[in-house]
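Chain order of the listed sequences is A and B. Quick note, this note's numbering runs 785 ahead of the 1-based positions in the first sequence. Quick note, this note's numbering runs 1 ahead of the 1-based positions in the second sequence.
Note that these hints are calculated values from the structure, not bench results. Note that this is a predicted model, so its numbers are computed, not measured. Backbone N, C-alpha and C define an ideal beta-carbon position, used for all residues, glycine too. It is possible that part of the hints are untrue.
[What the hints assert, rightly or not] Listed below are the simulated DSSO-like cross-link pairs for lysine-lysine, each with C-alpha atoms no more than 27 Å apart in a straight line:
1. B:85 / A:900
2. B:127 / A:864
3. B:85 / A:904
4. B:127 / A:848
5. A:939 / A:927
6. A:864 / B:73
[Said to hold, decoys possible] DEER-style ranges, computed between Cβ atoms:
7. A:822 / B:174: 32 to 42 Å
8. B:303 / A:865: 35 to 45 Å
9. B:65 / A:822: 27 to 37 Å
10. A:891 / B:68: 50 to 60 Å
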Amino acid sequence: MITFLSGGTGTPKLLRGMRELLEEREIAVVVNTAEDMWLSGNHLSPDVDTVMYLFAGILDTSKWWGIHGDTFITHDLLKRLGINEFIAVGDQDRAIHVARGEMLRNGISLTEATKALCKTLAVQATVLPMTDSPVTTYVRTKMGEMHFQEYWVKHRGDVAIDGVVRRFSEPPVATEEVIEAIERSDAVVVGPSNPVTSISPILECAGVREALRRQRVIAVSPFIGDAPVSGPAAALMRAFGKEASSAGTCSLYEDFVDVFIQDIRDPVAIEGALRLDTLMVNRGKSLDLAKNILSLIYGC
Amino acid sequence: MYGGMITFLSATPGSLPFIQGVRQILYDTEIAVVASTAGDCRISGGHVAPEVDAALFLFAGILDTNRWWGIKGDTYATHNYLLKVAGGEPFPIGDRARAVQIARAALLDAGLTLTEAVRAQSSSLKIGATVLPVTDEECGLLIDTGTERLPLLTYLMTAPSDTEVREIVSAAPAPPAVTDEVRAVIEGSDAVVIGPSSPAASVLPILECAGMRDLLRDRFVVAVSPFRGGVAPDPKDAALMYAAGEKPTSPGVSRLYGDIVDVFVQDRHDPDEVPGSLRLETSLLHRRQAESLAWDVMAVIRHAVS
């Protein structure tokens, strides 16, 4: 089994390749939940949904979020009624939020709720929220602290930020399921997701770094030069006090990473890093990178 | 044809065809509807208010007038997908109706009263009529079936029709108070009309709000019986009537409503005589029947009030 650490962009593209090569049951994905929120009365878990939809075969892979072919009837009418959901929630997507919201309201944990949804969506892979207690990423702006989704989706990242903070009422602890998945794996892959908003929240869950230090870990950099392959990573890295580059990323992972992969085009030199084509612009590129990583793990 | 305001109590599928008929005679701006909130509840994160919603949809011209609830031509993408991925919902909520319910929940969560939230929605939907919840207090009814207590709406929409009704229980500790807006609109009306709604599920919860009966005693009130004797009543309306302590007949309804009613209208074929009642054709199966009853009732009001 291989365990992946994932956010909502980058890593799912690697998972697209992996799920074609591996038995899906041999894949576990630990997913960032620091962007979760209650929206329109229901529970949105953007990264969990993206990963779940990918394995269910219903992900809209033109946007890498939402359900393929979904309609937006409720969302559109809400706008006319003066309620602006800053995320476009599709009607089927909303059903997932409703189902999860109801389960959480009834005292079911996020891990159990995700398991139940994965079962009904016939997902064979193990999708694990990093923690069962709420933790939220906020960015600091001149207007005050802003939920990361609001910053990225509503303002398209077009707001100056000078800090990234995590808010919680109790410090997040990794679930037993997460630690067990890491420990039982042949290797752990940290995918090319945003180091600050996707991977760091997972690493900050108590128990994760310790478990990773005891494991073989392969990490893929999301940067080429100072530009992330996708998403708002650069400004966030700087606000997080790290250089926006593979070097900055590597320094976040240095205590546990065994193999660091950076793109063949990346001008930043990192000693000992493995150079691969990480630009997964299509299914074939996803498969190539996945194959290369698997041969690193299994030596064949 | 008519100057003053007419207020209707209750907006159930029983009364809505009648109100629709009245819309052919009065301008919407001359119509106020006071809706019972006894069936209100939160479902899937939205604020479901069956009577308020039906009244809003009616005056917005989007009510499904085949079943008298929900939006005409609505789709069910979320509801259908929920059936696949989870336990589903107690009854089908359309995607557009869901938007209205989510929007109202958002307004309530932002601190608005139900009255304010409904006014905001009336304005977004460009409604000329005045739609008012009878109270801003939570006052859902629970139906005690002997084995469990079902929220009123769940009972009405999902329970088998032979479900026993032992008792109708109010979730509120004391009778909720009518709002100032309801008080003002009734005081400013020439007449109040109680349509042929389920007495126990809709009209009584309105009449039992603190202050309502006193308000109505000073007004000219016309009530239309929902029961027509020879015709078998809706089994749930009947079960609720027995739980309220009366038979599902016009005399039973008349006794439940009591002295607030000035003119009691019963069907001309109804064998159960209510002394002093006005006999009219009250069957509302076709649009023309509803318009005809509306004309008759408006004539009675014009005659009495002028």
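These are the hints, each one checked on the structure:
1. B:85 / A:900: 15 Å, holds
2. B:127 / A:864: 15 Å, holds
3. B:85 / A:904: 11 Å, holds
4. B:127 / A:848: 36 Å, violated
5. A:939 / A:927: Judged against 27 Å, a Cα distance of about 16 Å means the pair holds.
6. A:864 / B:73: Since the Cα atoms of residue 864 of chain A and residue 73 of chain B sit roughly 19 Å apart, the hinted pair holds (cutoff 27 Å).
7. A:822 / B:174: 32 to 42 Å: 35 Å, holds
8. B:303 / A:865: 35 to 45 Å: The hinted range 35 to 45 Å holds for residue 303 of chain B and residue 865 of chain A, with Cβ atoms some 39 Å apart.
9. B:65 / A:822: 27 to 37 Å: 33 Å, holds
10. A:891 / B:68: 50 to 60 Å: The hint (50 to 60 Å, Cβ to Cβ) is violated, given that residue 891 of chain A and residue 68 of chain B are roughly 30 Å apart.
Checked against the numbered hints listed earlier, the structure breaks hints 4, 10; every other hint is satisfied.
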